[in-house]
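Q: Residues per chain are reported as follows:
There are 6 protein chains.
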Amino acid sequence: MAALLRSMFMKNRSLWQPSFCAVRAMSTSGGPTPPFSTLSVSHPASAVTHVELHRPEKRNAMNRAFWSEMVDCFSQIALDSECRVVVVSGAGKIFTAGIDLMDMAGDVLQPQGDDVARMSWNMRRVIAKYQETFSVIEKCPKPVVVAVHGACVGGGVDLITACDIRLCTQDAWFQVKEVDIGLAADVGTLQRLPKVIGSRSLVNELALTARKMYSDEAKSCGLVSRVFSDKEAMMAGALELAGEIAARSPVAVQGTKINLLYSRDHSVPEALDYMATWNMSMLQTQDVVKSAQAAMEKKSPKEVPFSKL
Amino acid sequence: MAALLRSMFMKNRSLWQPSFCAVRAMSTSGGPTPPFSTLSVSHPASAVTHVELHRPEKRNAMNRAFWSEMVDCFSQIALDSECRVVVVSGAGKIFTAGIDLMDMAGDVLQPQGDDVARMSWNMRRVIAKYQETFSVIEKCPKPVVVAVHGACVGGGVDLITACDIRLCTQDAWFQVKEVDIGLAADVGTLQRLPKVIGSRSLVNELALTARKMYSDEAKSCGLVSRVFSDKEAMMAGALELAGEIAARSPVAVQGTKINLLYSRDHSVPEALDYMATWNMSMLQTQDVVKSAQAAMEKKSPKEVPFSKL
Amino acid sequence: MAALLRSMFMKNRSLWQPSFCAVRAMSTSGGPTPPFSTLSVSHPASAVTHVELHRPEKRNAMNRAFWSEMVDCFSQIALDSECRVVVVSGAGKIFTAGIDLMDMAGDVLQPQGDDVARMSWNMRRVIAKYQETFSVIEKCPKPVVVAVHGACVGGGVDLITACDIRLCTQDAWFQVKEVDIGLAADVGTLQRLPKVIGSRSLVNELALTARKMYSDEAKSCGLVSRVFSDKEAMMAGALELAGEIAARSPVAVQGTKINLLYSRDHSVPEALDYMATWNMSMLQTQDVVKSAQAAMEKKSPKEVPFSKL
Amino acid sequence: MAALLRSMFMKNRSLWQPSFCAVRAMSTSGGPTPPFSTLSVSHPASAVTHVELHRPEKRNAMNRAFWSEMVDCFSQIALDSECRVVVVSGAGKIFTAGIDLMDMAGDVLQPQGDDVARMSWNMRRVIAKYQETFSVIEKCPKPVVVAVHGACVGGGVDLITACDIRLCTQDAWFQVKEVDIGLAADVGTLQRLPKVIGSRSLVNELALTARKMYSDEAKSCGLVSRVFSDKEAMMAGALELAGEIAARSPVAVQGTKINLLYSRDHSVPEALDYMATWNMSMLQTQDVVKSAQAAMEKKSPKEVPFSKL
Amino acid sequence: MAALLRSMFMKNRSLWQPSFCAVRAMSTSGGPTPPFSTLSVSHPASAVTHVELHRPEKRNAMNRAFWSEMVDCFSQIALDSECRVVVVSGAGKIFTAGIDLMDMAGDVLQPQGDDVARMSWNMRRVIAKYQETFSVIEKCPKPVVVAVHGACVGGGVDLITACDIRLCTQDAWFQVKEVDIGLAADVGTLQRLPKVIGSRSLVNELALTARKMYSDEAKSCGLVSRVFSDKEAMMAGALELAGEIAARSPVAVQGTKINLLYSRDHSVPEALDYMATWNMSMLQTQDVVKSAQAAMEKKSPKEVPFSKL
Amino acid sequence: MAALLRSMFMKNRSLWQPSFCAVRAMSTSGGPTPPFSTLSVSHPASAVTHVELHRPEKRNAMNRAFWSEMVDCFSQIALDSECRVVVVSGAGKIFTAGIDLMDMAGDVLQPQGDDVARMSWNMRRVIAKYQETFSVIEKCPKPVVVAVHGACVGGGVDLITACDIRLCTQDAWFQVKEVDIGLAADVGTLQRLPKVIGSRSLVNELALTARKMYSDEAKSCGLVSRVFSDKEAMMAGALELAGEIAARSPVAVQGTKINLLYSRDHSVPEALDYMATWNMSMLQTQDVVKSAQAAMEKKSPKEVPFSKL
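Chains as they are written, first to last, in the numbering used here: chain A, 108 to 416; chain B, 108 to 416; chain C, 108 to 416; chain D, 108 to 416; chain E, 108 to 416; chain F, 108 to 416.
There may be inaccurate statements among the hints.
Heads up, the list lumps identical chains together, so a pair's fine if it works in one copy or across two of them.
Claimed, not checked - Derived pair list, reagent style DSS-like, types lysine-lysine, alpha-carbon separation capped at 30 Å:
1. K200 - K319
2. K200 - K406
3. K406 - K302
4. K319 - K409
5. K406 - K319
6. K415 - K165
7. K415 - K200
8. K319 - K165
9. K302 - K405
Treat the hints as calculated values from the structure; they're not laboratory data.
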C-alpha cells in the first residue's frame, strides 16, 4: 500500500513541480493557499507544516474541491523533505461540519450508469476516490497531529481517525453522523474507529445512534490523548508537540509511523519480521550515532542536525 | 460467515414458518414464550424485539434447552423484517449464573466415543455447537443491546461479548469463571473479550484468575458504555437507545453492523475495499434521499417511513 | 510459533539438564543466580517462579549477557513442570533503564559485513535475536506477571508488553525511548503496545515523542491493571495474584494463555475454530472433574491437587 | 467454518432423524430417492455412499429443489457414521447442464425489494444460499469423489471444484458458462478453480471466454486426476478408489481432509500449528495401533475393523 | 488496492483528458503512439486495445520512459469505456530483452541519500514505483492477453505474470534473469510466478539459476495456455481470443477478473463472501436478461448490444 | 519465523563451535560424519554442501537420532558462510523408507501424561519438534536441492516438500504413507504438498489412498522438475545445478529463496511491500555492480568473486 503511494508520487513528479514550489513558499494568511480553495497551508515552525481546513464561512464543510485538494496537498507533503511533521486544524468556529451535501449530492445521490450494475460500478469508484482522501494521511510517512475544536461531524471523524495523534478543546464534540442520512459510513470511520479506541461497545453505540460524544468522554475512551481549555491553548500545545517530533531523527520518526501502521494490520510475528527487515538498513543511519552522542553529551535532540529525508 | 448464516436461514424457511408466526404474535408475559422454555420474547416498541433470559428460579442458568433455543430465536429474528433492533436482558434477580453444570454435565464430562480420538471428535462438535449459540447474535444483522443487572458469570460473559452494545446497573458484576472449573473458556470469551475492551492486562487478569469485576471497572475499561442506577432505569435506557436505533434507516443500521464486524477481523485496506463494494449498491437506497430530505426539513429520523428490510 | 518454540526446547533438552537442575535449586539471594549474571531466580511460593532483573548497580540496564540469559531462563521455565506462573520484577531503585548502550554498541553501531547488503543481513540477524529475548516470554505457556517500580525505559517497555499482566507502583513511569536515539523501536514495542492498550492516539504520541507516562495515565489507559502505593505492597500484590493463578488447573490456565495470544493475531471465527480443536482433548482432563467437584463442595481451587503439566 | 457447520448439524438433529433413517434404508433405484426429487442416494459398497444427480430427462439441470436437497443430503451424510466416503455422479447422458435457468429465473432475474438496496440485500442472501449448496461438500468431513461423463457446464464446475477428487470419461467436457449469461460465476468456480489447477492463464481463459475444455486438457492441467474410456469403466474406477479410502482409518482419512482444506486457506506455519493441535488428540486413537499391527502382519487395511466415527 | 487505483484514476481525470483523447484516436502505425515513446497503442477491432512494446531497435528494452508510460497507458485504458480487453505484444524480433540497464543504472546503481538509511529510503521508493508499472495491469479491470515471441527476459517475466492470459510462439523462451545481475527479482516475478504456474520446484529452479525455459516447457507447466507456430498465427489467435472476451458482457467479464484476483489473495470463505457482496448489485444488470434472451434465441454473445462500462 | 530461527542460531553459537568446525573439515566417506550417526556431510565442490541420509542398511529410515541431527545439521549450514547451496540425497538402494516406526513407537504410541489433556499436551510438543526437523530446511536461507532415487515414503515426502528443488531418477516413486498407519500426516506433507504441485485432485488422491506415484507422474504434475535415467546421472545433474546456484551472488540467491517463501504465505500486495523493504538495502550490495560488469564483459558469474554472506 505504502509502496503504491510512493510510486504514485514519483511518476507525476514533473506535474507537481510548480504547485510543489508554491507550497514551500506559502505563508500563513487569512484565506486558502493557492492552488487550494479549501485548505490553507503554512509553516509555523521549522520542519512543521500546518494544514488548515479553510472554508470557515461554510463551517469547513467538505465540498468537491476539498476531496481532491487533500490528496494533492498530502501527496506534496509526503515528498517534501523539509517537512517532518504535520498539524491539521480547522479555521473559524468549528473543526468541520462534515460532508457538504449540497455540493456533493450529485456524486452521492445521482449515480451514473445505464443499469443498476453500471451505477454500482461508478458508485464504487466514487467511494474509493473519497476513501483515498483520508488514506493519503496514513500513507504520508510524516506524523499527522490533528487539533479539533467545536464540532467534528461525519466526514470529520473519518478524517481524524486517519491521523496519528488527536487533540481537542474542552468544547469539542464528535458525531458519527452517517446513519442519520441513511447510509453506513464508508470512507474510514467504521474501519478505523474500532482500532483507534478501546471500547467496542462505545464504537457501536456512536455509529448506530449518531449521538454526540463530548471531549471528556473522548478523552476517557482514548479518542484524543489530550484536552485543552480553548483553541489557542490547543494550537500552542499542538505546535509544541509537533516541535518535539520535528526535533527527532526523521529516520526514527517516519520508520516508527510506518511500522505502527503495519502492526495494526498484521499479527505480532509478522510485524516483528517486517520490523527487522526494515531496520536492517535503517539502523545504519548516521542519526543513531548522532543521537547517541547527543544523549551522552546531555544535549537535546533539537540541537542535533539530522540530514533531510 | 454471514453468507453461510443467511443461507442457513433460507433453506429451512418453511420449517420455521409456524414458530416464526408465533414469535410475531408473542406478548410480554410472566414466563417463557412458547415454543421456548428458557426465553421470553416480546415487542415493547415498534421494531424493537426484547429477548429475556427467563429461568429466574434457576438464576437464568444456561441449560441444554437454552443453547438451542438461542439459535432458533436469533435465526428467526434475523429474518423478521419487522424487527430492527434487539434488547437482551435477564429475568429475576441476576442476569445469568452461566452454564447449568448439572444439566450439561453429560455433554461436557462424559464425551462419547470408542477411543480418545473419537471422544475428541465428538467433543469438538459439541463445542462448535455451543459456540454457535452466541455467534448467531453476531450473524443477526440487527444490532443487539444487552442490559446486565446483578451477576453475569461464565457463559454470560461469552454471551454479552457477542452483543453490540453493553449496558449495566450499578450492582452488576462480571466473572470469567471457566478457569475455576478447570477449563479454558471456549465459547467466545477468550476470542472476543480482547477485541471488546482496551486493556490487555485486564483481560488476562480476568481470564486467568476468575476474579469479579464490578460495574465501575466495567465502565472505565469500556466493557459497558453506560451504567444505570438500577434495573428499571437501565431497561428504560436500553429501550430508549433501541428506539434511537430503530428509528434510523435499516439499510444504514444493518450495513453498519455488518461492516463494523468485518473491520474487526480484517486489515484497514481490506475493510475499506469491502465497504466500497458493499455501499456501491446500498447507497442507491431510497433511504438516503428520505433521510437527507428529513434532515433538511429538520425532521427527526423517527418521522421517516423507511421500507422494511 | 508455539510449536517451533516447543521443539526448540525439546531438541536440546540434554544440554539444559545441568542448568535446569540449578534453577530448581535456586534460592532467593542478594545477587544473580548462577549460571546467570543478570537475573536472580527464586521460588517464593509453591509453583511460583520469581525472575528478578538483577544488575541494580547498573539500574538493571540490559547488557549482552541479559539478552541471552532471558532466553535460557524462560526456555527452562517453559519446561519446568513445577512452575505454574512467573513474576518478573527489578532489583534496586528502578525496574530498568533499558538497553545498556555502552555494552551493546558494537552490535548496534558497528554492523559486520563487506558491503551494505552484508551488513544489513547481519543486522537483521541481530535484531531477530533481540526480538526473541522478549518473544520467549510469550511462548512460555505459563502466565507472566510483571511488577514495575520506578523507571521502565526503552527495552523495558518492550519487555513488559510481552508479559501477560502488568502491575506498577505509584512512582513508576514508562518511556518509549528509542526515537530519542535515532531509531524505530524494533524489539516489540511498536508491534505489541498498540494491542495492549486501547488508545491509538496515546500509543503514537508515546512512540513519536518519547515522553514519560506516569502510573496514573498507565492505569487509565490500561497499560497496567493495578497501581500499588510502593514496591513492597506491589510485590505482595503480585505474589497474591500469582498465587491465585498457581492454584488453578494448569491445563485451564496455560490453555487460556495460549488461546488469548492466538486470538490477538487471528479473526474471531479462526480463533473459535482453533479453540474448539484445542479443547476437544483438553476438556478430557481430570481437572474439570476435580474442579467441578471442589466447586460443589465449596472448596477453594487451592485445595485441589492437580497433576503437573 | 467447520465448527459452524458441525453445530448446524447438531442443533437440528431431531428434525433430521426421520429422513436420516430414510437415507440409511435407501437402495439403488431407477429414480430419485425420497425425500429427494433430484438426487438418488445408494450404498454400493460397505461405507460408501453414492449420490447421483438424478433428473436425466432434464440433463440433470439444477432446479430449485436441487439447491436445497444437496444441503440436506450432505448434512445427513456428514452425520452418518456408517459412511466413510462419497461418490458423486450424474444419471443419464451427461453429468449436468448446470443451472436450470427456467426454474431459477425468479430468484436470479427478479430480485425482491422496494429499492436497489433492498433488492441487493435479498440477492446477497440468495447467492449465499446457493454458495452453501456446494460448500456443504467441503464441510462434510468424508472425502467426496466426483465422476464426470459427458458435459459438465456452469454450476457443474462449481460443484466439482468443491469435491476432493475428480475423475472423468474420455468424452467429458467442462465449461465455465457464467460469462455467457452476463454474470461473474458466484457460487464457487472463481474462488476454487484457481486453487484446484496449476495454470492461472488457463483458469482465466476458461472463465473469461466460456470455452469448452475436453478431458485430455482437463487431465494435463490437473483438474481431473484420471480419465477413463467410458462411464462404466469410470464408475468401476470410482468405486475402487472409494473402496481404498473406505478401508482406511476414518480418523486418519477425515483428519486428512479437514487439514488439507485448512492448508489451502492458511500459511504453512499456521497450518502446521493447527495440525499439531489437531493430532495431539487424534494420534491417541486405537486406529494407529491397529494399523501399525496390521502393517507388521502384512495385512491390508481392509482387514482392520476400525470403530465408527 | 483496487479501490486505491480507481481513486487514483479519478482524481486526475482532467489532467488526462488530452492524452486520453489522443489514445482513442490512435491508429496502428510503424512507431510509438504519441505521447508515448516506447509504446504503440491501436484498436485492431471493436472494443479491443492493442498495446505494443515499441523500441524494436533496442529489443524493447525497458528504459526510464517505459516504466512511467506503462502506468499512464493502463490508467487511461482502465477508464476507457470503449475498451473491453487488451492485447500486449512486442514489436520487432523479440518480446523484450528486459530492463535497459544502461538507461536505468542511475536509479539502481547510484541510490541518492546522505547515509545508508536515506539511500535505502529512496531505493524503496524507486522499487515501489517500478512495481507499480506492472501492478497497473492487474488493477486495470479489463482482461489483458499477452502474446510473447522470441525472448522474454527479466522484466519481461515480471510483466507477463501480471497479465491475465499468456500465449507464445514456438520459438519463445523465458528467463528470470535477475539473479544473474546480483539481485532478487523485485518487481513481481517472485511474488506472482508461484501463483501462476503449478510446479514450485520449477519456479525455484528458474529463479535461482536464471536458466532459459522454452515454449514447450512453458506450455506443460501452465505458464502459457497456448503455443502458436509463429508470430502471425499467434497474433491472429490473440485477436480472436480478445474478440471472444470483448463480445461478452463487460459487467460479467470485468467482475470475473476482479474476483479472480481477489480469490488469489484470500481464503475461499472470504472470497465467497466478497463475491456475494459484489454480485448482489451486479446481477441486477440488464446484461443478464439480454444474455439469457440471446442464449434462448441461439444468438451469439457478439450480437448482443451491451451498454458501456 | 525467519527471525526466530536466526536468533536460535545466534544464541547458542558457542555451543556449536566445536561441531561446526567438524563440519567444515568433513570429507566424503563411507559412513555418517561425526557427530552425526544418520547423516553424512561433505563438500563435493566449492560452496556446495552435500547432506546424505546415511543409514543404508535400514533403508535410511528416520530414527530418533535423525530427527534431531537434521536440526543441528541445517542450523550449522545456515550459519556456514562457506556454503551457498545444499544437495540432499540418500545413501544405498533407496532415498528413504520414512519414519523408523520401531525406534519411534515410544514417542508416537505411548504418550506421557496423567490424563488425556496431559498426554495431548506432550504429544503436541513431540509433533512440533518433528515438524521442526523439516522446517529447518526452509529456514536455512541457502537453497536446498533434493535428489531422490528409489523409494521416497512417508516422512520422505514431508522432507522433500520442504526442499526448494526436487529431482529424481526414472525408478523413483513417492508415497504419502501416513493414512495407512491410521493417522493424518502431521509433519508437513498436508501443509506443503498442495502448495508444491498444481493438481489438488492428485494431492487429495495421494494423501487419502496412500497410492504410489512414479517418476513420470511426479514430473508431469510438477513435484520434480527433472527426471534422470539413474542415480549417477542424477547426482551429476544435481551437482551441476548446485554449481550454477553457487556461482551466483549469495545476496541475490538467498534473498530470492527468502522472498519466494514469503510469497507462498502472503498476498501479492503484501509480498511486493516486503520485497521492496528487503531490497532497499540489498540492492546496495557490491554484487550488483560486479555482476553487471561481468555481464557487460561477457564473463560467467562463476568468474566473479563475491564476498561471503
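Q: With 30 Å as the alpha-carbon cut-off, assign the pair K415 and K200 to within, between, both or neither.
A: neither (36 Å within a copy, 40 Å between copies)
Q: At most 30 Å between C-alpha atoms: does K319 with K409 qualify within a copy, between copies, both, or neither?
A: between (40 Å within a copy, 18 Å between copies)
Q: My question is about K200 and K406: at a cut-off of 30 Å on alpha-carbon distance, are they close within one copy, between copies, both, or neither?
A: Intra 41 Å, inter 25 Å, cutoff 30 Å: inter-copy only.
Q: Within a copy, between copies, both or neither: which one fits K302 and K405 at a CA-CA cutoff of 30 Å?
A: neither (37 Å within a copy, 33 Å between copies)
Q: For K406 and K319, with the copy left unspecified, which applies at a CA distance of at most 30 Å: within, between, both, or neither?
A: Between copies only: 18 Å across, 45 Å inside.
Q: Given a CA cutoff of 30 Å, do K415 and K165 count as a within-copy pair, a between-copy pair, both, or neither?
A: neither (38 Å within a copy, 36 Å between copies)
Q: Measure nothing new, just compare the shortest in-copy and cross-copy C-alpha distances for K319 and K165 to 30 Å and report within, between, both or neither.
A: within (20 Å within a copy, 40 Å between copies)
Q: What label fits K406 with K302 when the C-alpha limit is 30 Å: within, between, both, or neither?
A: neither (36 Å within a copy, 33 Å between copies)
Q: Using 30 Å as the alpha carbon limit, work out where K200 and K319 are close: within a copy, between copies, both or neither.
A: within (17 Å within a copy, 33 Å between copies)
Hints 3, 6, 7, 9 from the list above are not met by this structure, while the remaining hints are.
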